[in-house]
Amino acid sequence: MIRPTRLYSWSFKRSMFKRIWLVLCTACLLYGASTSAIAQILLSAEHDSATVRSFTKTLAHALPELDIRYMPRAQLTAQTQFPADTQLILLGAELLDWRLKLTAPGPATLILQVSRVQVYHRLANRRPSHITFLWSDPPLQRQIALLKVMLPGLQNVGVLYGNHSTFLLAEIEHALQAENLTMRKYYWPDSYDARSLSNLLEQTDVLLGIDDSNIYNPATIKSILLSSYARKQTLIGPTAAFIKAGSLASTYSDQDDWIQTLSSVLKTPSTSWPSSQYPDHFKVMINRQVARSLGIQKNHASRINQQLQQRRNAP
Amino acid sequence: MRRINLLWILLNCAVAIPGLFNAAYASYTDDLFISDDALPEVLTATHLYQAPAAVPGSVSTIDQELIEASGARNITDLLRLVPGMLVVPDSSNLGTVNYHGTSPGQARRLQVLIDGRSVYRSAFAQVDWSDLPIALEDIQRIEVFRGPNTVSYGANALLGVINIITHSGKDTHGTLIKGNIGNNGIRDSYARQAWHSTYSDMRLSISSLTDDGFELRKDGSDFRDSRRLSRFNLRANHQLNEQNSLDWQLAFKEGSNQINNNYQSAFAGKINPQPWEQDSNSDEQAKDYAASLRWNSNINAQHSLSVQTNAQQWERLREWRACDAQISFSSELNELWRTSSFAQRERLRRLKPIGNPSARQAVLQNWLIGQLVQPGALAHSCGLINENSRESRFDVEVQDTYSVSEQLRLISGLSYRYDQARSASFLNGRERKDIFRAFSQFEFYASEHWLLQGGGMYEHDSSNGDSFSPRFAVNYLVTPAHGFRAVYSEAVRSPDMFENHADWQYRVKDLRPAIAQNSNADFFISAQGNGNLKQEKIRAFELGYNGYFAPQKLSFDIKIFNEKITRMISHRPSLISFSLNNDDHIKFYGSELEGNWQATEKDRLRISYAYIKDQASNSLDQNVTPAHSGSLAWLRNWNADWSSSLMFFAAEQLNQNDLQLLTARLSRKFQLGSTRLQLAGSLQKTLNNQPIGRTNNKDNSHDTAYATVQLEF
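These protein sequences, in sequence, are chains B and E. Here the first sequence is numbered in our numbering, starting from 1 and rising by one per residue. Here the second sequence is numbered in our numbering, starting from 1001 and rising by one per residue.
It is worth saying that the hints were derived from the structure and are not from the lab. Any given hint could turn out to be false.
[As the list claims (entries may be wrong)] Partial pick of chain B residues on the chain E-facing surface, computed with a CB cut under 7 Å:
#, residue
1, Val-52
2, Trp-98
3, Pro-152
4, Asn-163
5, Phe-167
6, Ala-170
7, His-174
8, Ala-245
9, Gln-260
10, Arg-292
11, Ser-293
12, His-300
[Claimed, not checked] Below 27 Å or equal to it, Euclidean Cα-Cα: the simulated DSSO-like pairs (lysine-lysine) are:
#, chain 1, residue 1, chain 2, residue 2
13, E, Lys-1218, B, Lys-232
14, B, Lys-185, E, Lys-1509
15, B, Lys-222, B, Lys-101
From the three backbone atoms N, C-alpha and C, an ideal C-beta is built for every residue, glycine too.
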């Protein structure tokens, strides 16, 4: 009697242990599974700054389910191996160069603050796997739409280009044609050749800037802006950074826009990340004094932004 | 003081209204994705122009495309495109330019500047358009402010300001060679070279121009009014550092203008000189020298300072041999004229007995009668007379532009000018004067739609006293591209040295035969300025609208105006009848329209029209202003290579004759590697067989045709 009882009791105990074990194991497994699902996302930038640290915090706050951490560049680049599930968010071309040197495939990486021209210069049309480029330069279609909204009636759009930006011309021309605009391109490798610039300006109504630092940089922007302004022509773009110098307007994505774009990318598995993408969210920046001086009627950034968003949403 | 207070109130208002100080663009110093630290601020508030709709007045711009398409060889021809601008030749083919009216012979109420340097001759209040040390090819654009603007440009900007802006070295890198050849002796050449280094640009141009002027006089005889000139122009710019730049220019022009010997003897009919004893002509040798230096300093994006200094000299040499009776050089007749009143001189010059002679005058008059009653021709002598003059000017101006906020901009400055003229015949030696000026203007956006602008210039002229010229304008901007305006302005013109201080007498040299062994003597007729002339003054009202329709690429400006010049000095300089006063006045009212339309990708249309009514007290200023005048222009680029232009200018009774002038130009460009070749043909033709203006030219002798070859590499 006892035995069976004992037996029973033993078997009961065994089954209890087994169940607890199973629960524990399941819990362990589940715990293990859940900890492995929260992969580490490391964000790094070329230069350490309070801004980049605060950006990381804001991003982490926007995505509480993810483990997003800031890692100073030196610490990051000291590593050559990363756990398989590590994801990287890298800001700037120098970190791109470092990332490209890692043994393939390397961690899934989002590259920010790098323009198409910079990447073309390094990789031409090659797109390494596990790297997603989130372009820093405003999409040209968006810039052209801005031009069209702000400066209706203008026809001839001047495009200065160099060796590193030639690859964009076909795309620009296509986008301009879609808006019934004419491209007047001008190869401008020698940025001091002001006569070429004035020859181009003879044929144009407005300049569309390409984010190519060989063409648009602190040394050249003065002569570009002075020459075009003297002919009452404006410059759209190349980026919002040039607005303060005297460019008329540009679309741009600020920190908030990038957080939104990053959020939507990071919520998807890295395997489905695109090889490149422009930020979905953007704003419009206008140099109102330049707009006023040239009598440009549409000079309210928010209204133009609204118009651009509507155009984008239109079928 | 009141004006200063007003400024302070406005300034304080601007400071007090929150939200008015937003930067033109948002600042994103804490945004990771926008960094503009490395980029210089190029188009800063202190450098931006006003939009056409926001200008406190009406401005016409003659741009590079129009300059080229016009086929013009003279700046004056270009100015026909400006509504209300009256361009007529003076006594020969040299043009005069007036706005709205007043005597063409005394076109002296416009300020003319080349890159900020006034080329208005202060001793003989005029602009010698043909003698300016600048080639048409050097000009980048011409901006004409139509209306008084002493506030910005000082006295003499009475009816308007013509601002000539030349090409900078930066815009003209490379080489350009150009030549014109055509009828009426047209032979022009132009060569330009521009260089650059990292921080400097330089442009050098050398040019020459020749033509025969009008072909025939009204009576069919040959018109001796050809001209020949050559010019040198050097402009350089140096970027000293991020904030500072230097711009300097050297210009020189020399040439000769043919002028017939128009000397009329005081004793005509009573002397019998032989043709070989006197010169058949009295051509003028004209030389202009100019140097200017401008320093620009951008203290920051809101504040800039510039200092410009100019030195100029105008030399006009004209000497010829003329004959008159020997008694003209006598001390008796000199004394009689000198002691006579204006009324007595009027009789004396007609060799009639003067009224109320003093005892001494009676003696001298009897002596003269004794000479005149002698039988036979009077003995004559022929000698060299001259109308030489050398004027020089030095001026320095400091201008401070401060953008207090996006809403308020202030421009203030000080300037000093020294004018000097030497002429034995006109001024009996040297005249000089100093001018000090202080000016301040504000531009205040009270709201997005309301723009208030005002300011004033105080001027102290050592020979004409003090003056203050204010201006106030309100612009209502429906949008930044469409604005209504109301403008009130006052302006002054100082009498020139000759008008006020003339001491005009011909001091004849090399008399043949000598008189009493003297080969030098003074011709008896003389004229003296009274030194009491006051400044002319204008009060002007203007209501206008300026709009740009971007989708249609159509801009137009329309205005109605009412202007009155008081204390006006109207005269035709005449040695025998020289009495200047401030007794005249003139009133203009009417409307003007200017439109520009890029009708298609290839076609540009331009129209200007002016309706002007005038009421002038002096006959010299009457029958000058056409009630209706205007221009039409059609420019077309047929394709990348061919382009054409057609311009038509018309005026009803412009200085007593109708104007119907057509210009046409056809050009073809060839690209030969990196070299650009351009061939063009230009034609100018009067359609109504009437001379232009009241000049002595025969109907269609203004017609010209010429061909142009231009190489650029």
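We went through each hint and held it up to the structure:
Interface hint status for Val-52 (chain B): upheld, as the beta-carbon distance to the closest one in chain E is roughly 6 Å, under 7 Å. For Trp-98 (chain B), the interface hint is violated, since its Cβ never comes within 7 Å of a Cβ in chain E; the closest pair sits about 19 Å apart. At its closest, the beta carbon of Pro-152 (chain B) sits 5 Å from a beta carbon of chain E; the interface hint therefore holds under the 7 Å criterion. Proximity of Asn-163 (chain B) to chain E is violated relative to the hint, the smallest CB-CB distance being about 19 Å (cut-off 7 Å).
The interface hint given for Phe-167 (chain B) is broken, as the beta carbon of that residue sits about 24 Å from the closest beta carbon of chain E, more than 7 Å. Annotation: interface hint on Ala-170 (chain B) violated; nearest CB of chain E at approximately 22 Å, more than 7 Å. The closest approach between the C-beta of His-174 (chain B) and any C-beta of chain E is roughly 20 Å, which is over the 7 Å cut-off, so the hint fails. For Ala-245 (chain B), the shortest C-beta to C-beta distance to chain E is roughly 5 Å, which falls under 7 Å, so the interface hint holds.
Given the 7 Å rule on beta carbons, the hint for Gln-260 (chain B) is violated: about 12 Å separates it from the nearest Cβ of chain E. Because the smallest distance between the Cβ of Arg-292 (chain B) and any Cβ of chain E comes to about 5 Å, under 7 Å, the interface hint for this residue holds. Evaluation of the Ser-293 (chain B) hint against chain E yields a held restraint, the C-beta minimum of about 4 Å falling below 7 Å. Hint status for His-300 (chain B) relative to chain E: violated, with the closest Cβ pair at about 10 Å, above 7 Å.
Between Lys-1218 (chain E) and Lys-232 (chain B) the alpha-carbon distance is near 47 Å, which puts this suggested pair outside the 27 Å criterion. At most 27 Å may separate the alpha-carbon atoms for a hinted pair to count; Lys-185 (chain B) and Lys-1509 (chain E) exceed this at roughly 69 Å. Taking the CA atoms of Lys-222 (chain B) and Lys-101 (chain B), the gap is about 37 Å. The hint is violated against a cut of 27 Å.
Hint compliance for this structure: hints 2, 4, 5, 6, 7, 9, 12, 13, 14, 15 are broken, all remaining hints hold.
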